[in-house]
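Trainee: Sequence:
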Amino acid sequence: MSQAVPRARQPAALYVLFLTEMWERFGFYTMFSLFVLYATQDIGLDDADAALLYGTFASFAYMTTLPGGFLADRLLGFRRAIILGASVMCLGYVSLFFATPKTVTISLGVLVIGNGLFKPNVGSLLGTFYGENDPRREAGFTIFYLGINSGAFAATLVAGWIGQTFGYDIAFGIAGIGKAISLITFVLGRRWLANKGLPPDPEALHRSRLGLPPTLLLLIGMVGASLIATFLMRHATMAGELLAGVAAVAFGYFILQIWHDSHDNRRRGIALLALTLVSIIFWTVYNQVGTSFLLFTDRLVDRTVAGITVPPSDFLSLNPLFILLMGGPFAALWVWLGRRGRNPSIPLKFVLGHLLLAGAFLVLVGALSAGTGDVPWPWLVLFFVLYTAAEMVLSPVGLAMTTALAPERLRGFAMGLWLLATALAYYLAGLAAGIAAVPKGASDAAMRPIYSSAFLDYGLLALGGGLVFLALVPWVAGMMRTSQETASRNTDS
Numbered sequence: 001m002s003q004a005v006p007r008a009r010q011p012a013a014l015y016v017l018f019l020t021e022m023w024e025r026f027g028f029y030t031m032f033s034l035f036v037l038y039a040t041q042d043i044g045l046d047d048a049d050a051a052l053l054y055g056t057f058a059s060f061a062y063m064t065t066l067p068g069g070f071l072a073d074r075l076l077g078f079r080r081a082i083i084l085g086a087s088v089m090c091l092g093y094v095s096l097f098f099a100t101p102k103t104v105t106i107s108l109g110v111l112v113i114g115n116g117l118f119k120p121n122v123g124s125l126l127g128t129f130y131g132e133n134d135p136r137r138e139a140g141f142t143i144f145y146l147g148i149n150s151g152a153f154a155a156t157l158v159a160g161w162i163g164q165t166f167g168y169d170i171a172f173g174i175a176g177i178g179k180a181i182s183l184i185t186f187v188l189g190r191r192w193l194a195n196k197g198l199p200p201d202p203e204a205l206h207r208s209r210l211g212l213p214p215t216l217l218l219l220i221g222m223v224g225a226s227l228i229a230t231f232l233m234r235h236a237t238m239a240g241e242l243l244a245g246v247a248a249v250a251f252g253y254f255i256l257q258i259w260h261d262s263h264d265n266r267r268r269g270i271a272l273l274a275l276t277l278v279s280i281i282f283w284t285v286y287n288q289v290g291t292s293f294l295l296f297t298d299r300l301v302d303r304t305v306a307g308i309t310v311p312p313s314d315f316l317s318l319n320p321l322f323i324l325l326m327g328g329p330f331a332a333l334w335v336w337l338g339r340r341g342r343n344p345s346i347p348l349k350f351v352l353g354h355l356l357l358a359g360a361f362l363v364l365v366g367a368l369s370a371g372t373g374d375v376p377w378p379w380l381v382l383f384f385v386l387y388t389a390a391e392m393v394l395s396p397v398g399l400a401m402t403t404a405l406a407p408e409r410l411r412g413f414a415m416g417l418w419l420l421a422t423a424l425a426y427y428l429a430g431l432a433a434g435i436a437a438v439p440k441g442a443s444d445a446a447m448r449p450i451y452s453s454a455f456l457d458y459g460l461l462a463l464g465g466g467l468v469f470l471a472l473v474p475w476v477a478g479m480m481r482t483s484q485e486t487a488s489r490n491t492d493s
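Just so you know, the sequence shown maps onto residues 1 to 493 in our numbering.
Source of the hints: derived by calculation from the structure; they are not laboratory data.
Check each hint, because a few of them may be wrong.
Unchecked claim - Derived Cβ-Cβ restraints for the label pairs, each shown as a range: (1) Pro-67 - Gly-478: 33 to 39 angstroms; (2) Thr-372 - Ala-306: 22 to 28 angstroms; (3) Lys-102 - Gly-478: 54 to 60 angstroms; (4) Leu-227 - Trp-377: 39 to 45 angstroms; (5) Val-187 - Leu-324: 24 to 30 angstroms.
Quick reminder that beta carbons are idealized off the backbone N, C-alpha and C, glycines included.
Construct the complete structure from the given sequences, taking the supplied hints into account.
Mentor: Written as structure tokens, this is what we have:
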């Protein structure tokens with residue numbers, strides 16, 4: 001008689017990091033979901049400038065994860081990077097609470113630096129608790145992902161009510177409290193982290209450079225980087241030029257490296273490059289939710305639910321809610337299709353993601369065409385069903401293909417390229433939101449064609465990206481295969 005195999009227990013550190021990430025995301029999404037409303041209503045920016053500031057801030061928040069991860073790997077260790085990043089973000093939220101229209105970019109500059117140290121290293125620290133073939137890894141990161149979306153769901157659900165009832169400054173203060181709880185949770189939970197995440201060379205933290213300890217030099221550098229980020233957020237055109245330059249160098253370096261690699265690695269690297277570049281179109285359209293979509297919801301949607309007027313940002317909670325609801329079914333669907341030999345390839349999933357995203361924005365076009373009054377809120381539910389399905393199809397696959405296709409020596413760099421592509425997309429999303437910019441004082445009748453035309457443009461952009469890539473699927477799929485796999489297919493045929 002066979003005995004049941006006991007279920008492997010997850011490391012206690014998972015739950016410490018789950019709560020750390022959940023509270024951090026609560027703080028971040030409280031601020032993030034309200035920022036464009038705050039910028040247009042309290043600061044007085046027009047739609048286009050508010051969206052571009054939002055996009056520039058988000059792009060830098062992603063870009064700084066690259067040096068943040070590097071510093072953790074080479075100097076600080078994951079623990080110190082997380083604590084330092086969380087502390088800096090707390091300072092950023094406090095400064096945002098007291099910010100004036102002239103100082104808000106300073107607060108955002110502080111948040112950018114703190115996020116760069118915090119965001120990449122919580123997940124990296126969690127990864128150290130699993131062996132290379134540890135069967136608990138996938139389940140552990142699924143639980144961790146639930147923490148991210150639980151925090152995002154709670155934040156977007158309550159942020160709008162807090163902002164509209166007590167003011168956006170109070171909401172930003174609440175975001176700071178969430179970040180402080182995240183920091184306290186991590187500090188108190190260190191005893192469950194064993195000896196993981198420590199500095200790679202503890203003595204290096206005390207080895208003087210220029211007569212100063214490295215930690216002090218790091219703090220000086222962080223202040224300088226924050227001021228540079230502040231400057232660039234005040235001058236968005238220069239920020240875009242910097243992003244383009246960094247991207248050109250990074251992608252050029254990757255091409256140079258794979259060009260001198262083995263035949264198979266070169267082909268798979270080119271396929272990875274194609275998938276990463278096409279994802280920029282997806283994320284550019286996807287990230288309209290925090291800008292043009294949010295302002296549309298505020299201005300032209302009937303938000304009365306059961307007699308209660310729901311704040312516009314509360315509808316953003318549908319995305320993390322549907323992620324929580326769809327995660328299991330999508331994972332089961334891919335397994336079910338895989339057993340039958342019908343699981344779509346990675347390139348086909350990228351195409352499907354673009355088509356679903358196009359469908360989501362075309363739903364909004366239909367909603368605006370269906371009547372002349374305010375758009376009924378159930379249209380937004382349908383929008384988010386398609387929008388979230390698009391994310392579930394493309395985003396997890398994108399992360400998985402980065403590690404699967406990149407040569408082992410370039411996997412970390414390839415993940416950096418994926419994050420850089422996301423940063424570029426945020427900036428482009430800020431620019432693209434200008435298509436939906438509404439003149440101050442415009443009537444509802446004047447706004448409707450502006451939003452309808454903009455949402456049609458976003459839908460067509462996603463649809464065009466999907467169709468172009470559909471035509472390239474056979475080529476990309478072929479590039480992804482190794483020579484041995486190609487030979488085996490030729491033999492079978």
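Trainee: It remains to establish, for every hint, whether it holds in the given structure.
Mentor: Structure-based check of each hint:
1. Pro-67 - Gly-478: 33 to 39 angstroms: Hint holds: Cβ distance 36 angstroms, inside 33 to 39 angstroms.
2. Thr-372 - Ala-306: 22 to 28 angstroms: Hint holds: Cβ distance 25 angstroms, inside 22 to 28 angstroms.
3. Lys-102 - Gly-478: 54 to 60 angstroms: holds (55 angstroms)
4. Leu-227 - Trp-377: 39 to 45 angstroms: Once the Cβ atoms are compared, 43 angstroms apart, the range 39 to 45 angstroms for Trp-377 and Leu-227 holds.
5. Val-187 - Leu-324: 24 to 30 angstroms: holds (28 angstroms)
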